[in-house]
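Participant: Chain by chain, the residues run as shown.
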Amino acid sequence: MENSQIIRIESLVKRFPMGKGEFTALNGIKLSLGQGEFAGLIGPSGSGKTTLLNIIGSLDVPTEGSVTVLGRSIGALSAGEAARLRKESLGFIFQSYNLFAVHTVYENVEFPLLLLKYSATERKKMVTDALDWVGLNDKIKSKPPQLSGGECQRVAIARAMVKKPSLVLADEPTANLDAANSHNILKTMVSLNRELKTSFLFATHDDKVISYLRRKIFLLDGRVDNDVIISN
Amino acid sequence: MIKFLFKGLIRDKSRSRLPIIVVAVGVMLTVFLHAYIVGFMGDTIETNARFSTGHVKVMTRSYSDNMQQIPNDLAITGISSLLNDLDREFPGFEWSPRIQFGGLVDAPDETGETKSQGPALGFGMDLLSGGSREPERLNLQKSLVRGKLPDSPGEILLSETFSRKLKVNLGERVTLISSTMFGGMAIHNFVIAGTLLFGQEGLDRGTIIADIEDVRMALDMKDATGEILGFFRDGFYNDDLALSEADRFNASYSSVSDEFAPIMKSLSRQGGMGTYVNLAKGWSTYISLIFIFAMSLVLWNAGLLGGLRRYGEVGIRLAMGEEKGHVYRSMIIESVMIGIIGSVFGTILGLSFAWLVQEYGINISGMMQGSAMLMPEVIRARITPPDFYIGFLPGIAATVIGTMLSGIGIYKRQTARLFKELEA
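Residue numbers (my numbering), protein chains in the order written: chain A, 212 to 443; chain B, 57 to 480.
Just so you know, these hints were derived from the structure itself, not from any lab.
Quantities reported herein were computed from a predicted structural model and do not represent experimental measurements.
Possibly wrong hints are sitting among the right ones.
[Stated by the list, open to error] Only pairs whose alpha carbons sit at most 25 Å apart, straight line, appear in this in silico PhoX-like list of lysine-lysine:
#1 A:Lys-350 to B:Lys-69
#2 B:Lys-59 to A:Lys-328
#3 A:Lys-336 to A:Lys-352
#4 A:Lys-298 to B:Lys-59
#5 A:Lys-352 to B:Lys-63
#6 A:Lys-336 to B:Lys-59
#7 B:Lys-380 to A:Lys-375
#8 A:Lys-298 to B:Lys-468
#9 B:Lys-69 to A:Lys-352
#10 B:Lys-63 to A:Lys-350
#11 A:Lys-350 to B:Lys-59
#12 B:Lys-63 to A:Lys-336
Build out the structure end to end from the sequences listed, making use of the hints.
Facilitator: Right under this line is the structure:
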């Protein structure tokens, strides 16, 4: 399934100012991710998972080294270009869903398409498809407060997937879910990964998530400690 | 996108209802206060206009120079012709000749000997011709304490206080002792038709009112009058128009070399009224501006709170690729919507309250006892064209400025912290 590279990272260093000195969060990361991968950044707190996800998601820039996502060098992007990359090609799934509470399920999923200026007809079809993928077409008029945690996270997945991005970045997506819901969510994402060939990159230390990954990138103290590809 | 934002606004009560209520209340107060100030200041001006100055006043140049002395020997003559000219050339005014005069009122006893006497300030005005608006203008009917308005020649009205001082009753005869237009002694008898309470000590102390024809006869002022008062037909003083009309009249009629040539003066150019008119203009503007400023601070604060409350929503929008400028602009569009809706409601409410106070007024006669000023006893708001839009200034500008200032945080926000913030 995996073929062309969508992420290429060379000698990535990320330092943050801390007091009078600096703290090195990432130290010489070298990594690549192909299209259609289902991979996870695994490590304890402080290992650099979220920092790396931030940089890949064009929310932050490297201190040294290069990070190329979908052919664009993150360090060289302006704020507007970075926003455009996120809008057009990246999907985000957060631990705490971050849905718009006053908008319906349909409107939440529709939002990324409004940013991309799709027509109403196109939006309707794409939102319906996305809600089909996550099995929530019967809840289109519900609002997030009326949904369970699992349903909310499925809405978040539909919102991340509706524009068919090349890469979905998920930060601890099951942290707020019970075991049954976590498995349901993960199965949904595996299914979408296979059907749409969308690459998924998780930041997690949840065993349930890890068990579904086909590639496990272990981080420790800002370095890649181990990179394990699980054969199908 | 606008539809999305609008739905959010409508459904999120704390994002719409509360700010709209804040804006509406602020705008309502701004509109009402402006109408009230304009009404209050205007009422005081109108009271003076009705009793003394008119909106404009025509008199001779010499009379104008000595107006405080009420010099009827310098009165305008040939007024029938002048009134015709005024009606023709200045149709925007209603013209009313008046004679002010001073004198002594003598009340005799049954034997004809003087029972009591007192100094009087008299007004001669048109009371008996059918179409006269003078009684209405001076609110004479409602000011009657006893008796009736004069309905035949020789009848007179006295202030109630003055009648008590003279110990005279309705139907009794009093004698006015004054001087004629030509400097001779004038003695004329009147029958008391009614007594009045003006509510102002200056007028209640010793005012008499009689029909102008009787006064002409008493003071030997045939086809003459001391003053011709002009009142704008809409009933409200307009200083700019009054000044320009006076200039137009004076250019045609007035002559520097002729002390008996007529001259027209606007209300603002009589006595100390100019200062008051300027004060009225200034105060209504200053008070409105102070209020607008205060409202802006309140609404800015509301915008700030709204911006802080939506921190998470803005964060997710930035993470999903919406540009900071777009988020910022969308929040401003929302604030414009809130400002417009709040301003419309606030203006409607403000105008409604102002209309009530304009129609029914607030009676302050209790506070006016003993006052020597010509001030109205009933304070009324006055709705003017600015009241229809003045509220939109603080309503929209303050909301938008508040949102713009609070929204600066969007530009300062580091996207690198979004994941952390959104997990919080």
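Participant: Each hint: holds or not?
Facilitator: How the hints compare with the structure:
1. A:Lys-350 to B:Lys-69: Given pair A:Lys-350, B:Lys-69 holds - Cα atoms ~23 Å apart, limit 25 Å.
2. B:Lys-59 to A:Lys-328: holds (13 Å)
3. A:Lys-336 to A:Lys-352: Holds, at roughly 16 Å.
4. A:Lys-298 to B:Lys-59: Measuring from Cα to Cα gives roughly 20 Å; hence the hint holds.
5. A:Lys-352 to B:Lys-63: Holds, at roughly 13 Å.
6. A:Lys-336 to B:Lys-59: Holds, because 19 Å separates the two Cα atoms, which is no more than 25 Å.
7. B:Lys-380 to A:Lys-375: Holds: B:Lys-380 and A:Lys-375 sit about 23 Å apart, inside 25 Å.
8. A:Lys-298 to B:Lys-468: holds (20 Å)
9. B:Lys-69 to A:Lys-352: The hint holds at about 19 Å.
10. B:Lys-63 to A:Lys-350: holds (18 Å)
11. A:Lys-350 to B:Lys-59: Distance ~21 Å between A:Lys-350 and B:Lys-59 Cα, so the pair holds.
12. B:Lys-63 to A:Lys-336: holds (21 Å)
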